[in-house]
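Residue numbers (this note's numbering), protein chains in the order written: chain H, 1 to 307; chain Y, 1001 to 1255.
Heads up, simulated BS3-like pairs for lysine-lysine below, C-alpha to C-alpha not over 25 Å straight-line:
(1) K13(H) x K1249(Y)
(2) K13(H) x K1252(Y)
(3) K143(H) x K130(H)
(4) K23(H) x K1249(Y)
(5) K143(H) x K1086(Y)
Derived coverage of chain Y by chain H (criterion: at least 3 residues anywhere in the stretch with Cβ under 8 Å from a Cβ of chain H; other residues may be distant):
(6) 1002-1015
(7) 1096-1105
Since the hints were derived computationally from the structure, they do not count as laboratory data.
Just so it is clear, CB atoms sit at the ideal spot from N, CA and C, and this is done for glycine as well.
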Amino acid sequence: MSNCPAVRFLDVKKSYGELTALKGVSFEVEEGAFFGLLGPNGAGKSTLINAMSGLVIPSSGSIQIQGYDVNRNYRQARRVLGLVPQELIADPFFSIQELLVLQSGYFGLKGAEQRAWIGELLERLALSDKADANTAQLSGGMKRRVLIAMALVHRPKVLVLDEPTAGVDVDLRRILWAFTKELHQQGHTIILTTHYLEEAEALCDRVAIMQKGEVKALSSTQDLLSRHYYRYLRVTLAAPAQDLIAPLEARLVERESNGLVFKLEKTASLTQLLGWLSDSGLNVSDVSSRDASLEEVFLDLTAEGKG
Amino acid sequence: MQANWVGCWALFIKEVRRFYSVVVQTVFAPIVATLLYLLVFGHVLDTKIQTYGEISYSQFLIPGLVMMAILQNAFSNTSSSLIQSKVHGNLSFVLLSPISAFEFYVAFVAAAIVRGVVVGLGILIIGAIGFDLMWQSPVWVLVFAVLSAAMMGGLGMLAGIVSDKYDHLAAFQNFVIMPLTFLSGVFYSIHALPEFWEQVSYFNPFFYMVDGFRYGFFEQSDVSVYVSLGVTLLFLIVVSSINLILLRKGVKIRQ
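The whole structure should be built from the sequences, with the hints applied where relevant.
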């Protein structure tokens, strides 16, 4: 199974009555990748992730985790997969330590080595001093960390994080970023869904953008950004802007107190833009250019689908 | 595929510790409630109702009440655990693990048997202090206690699977389990009933569990103990089969 991709989706479809959540999704996630699964609410990201873990049963198609079919070889598939769910789940009957020991047991793991690993997880996720606390009494951030520890208790090779930083403060977000980066460096394949696109841009080497149950784009993050049709130009003005001529007005995306931001086709010449600025009678003191951010690419791609 | 019995054992331990963590509610309360039945009905009706020969009504009543407690508590254990896990969402911890539908079922039902038998044993021990209990055939007592608790644990799981909220479960408990338990011969021999109601009682599977269990105490029963054993086993197999089909398909558990 060593030459298999970490995850392979093959024409995965899922319908809930009249609603089609997944319309035949097919793609692969390479071993050792840090993969971002992006899309607006209702795009089908969580359905796809839950189908990987067996919480959702696809209507058709197949999913393999490290070559193991999640339906036919569910035991092996679940042993190599860890899922951090989006919802902050707790069990009011047990403490953090008890839950981790029980979860280890479900995977057939026990003994001194496993107890040491649980201790390490608690330490690494700054949960040691709360090990005996009831999970229902924890804060949202603590619960999130417990869920990460639960997902890692059986040392899975593929870790799926469904919106791990949703609703957590900046400090915890940084801790979680550092921890997932470390796991990635240790050889784990990470699949991340997030609404924070700067997070995906900073962490993920490949991304898939989903919309309405389909994959709209699948590429390396850098390629997706560089292939994007537009770049952004910020023009700083020495004097307030007057009326703009039509081609400039059409490309204006933001009006700031001392400047203007234009969205310009990469094929458009800078000389032409400077000419339009001059024709509009603008007193320009500075011009800076940048490529689109992942958020802007995402918005463009998902806006096309809405048309 | 190799079985995951360590996982099954861990789930069983989790289910036992779950009810043990609220032992007042899950064990002591049903023992006290059942002893109150014994106190009230036993003393008021002791000389008024004829049972089997020399056996007093209180002696007759105790096995019935013990079995009623076993049935209700075994049912409660699986049904309440499953619905709580569904509502809280923590059922997914188990669903994400490599535990098969069969191992899942065995773990839940085994914990239900433990709770049912512990409650039953508690009532018997206290009952033995105040009443002269007869133990003609302890093996039958044990066989019916375990099989009936398993059947009711399975029925509780079925109710937990199909219920989406506590209200659904309460309806199942109050409109199915409670009437079938009370009309199963816990408080009377069905031969004391009018002909029509006696015939109706034969269609109540709980009657055979109570009657077979009572046979273990007195070696007397309303129907043959082997008929009771057969019916109990049949219902256990039917309920288990339905559960395993639903669990394998993930009905109302996996989306």
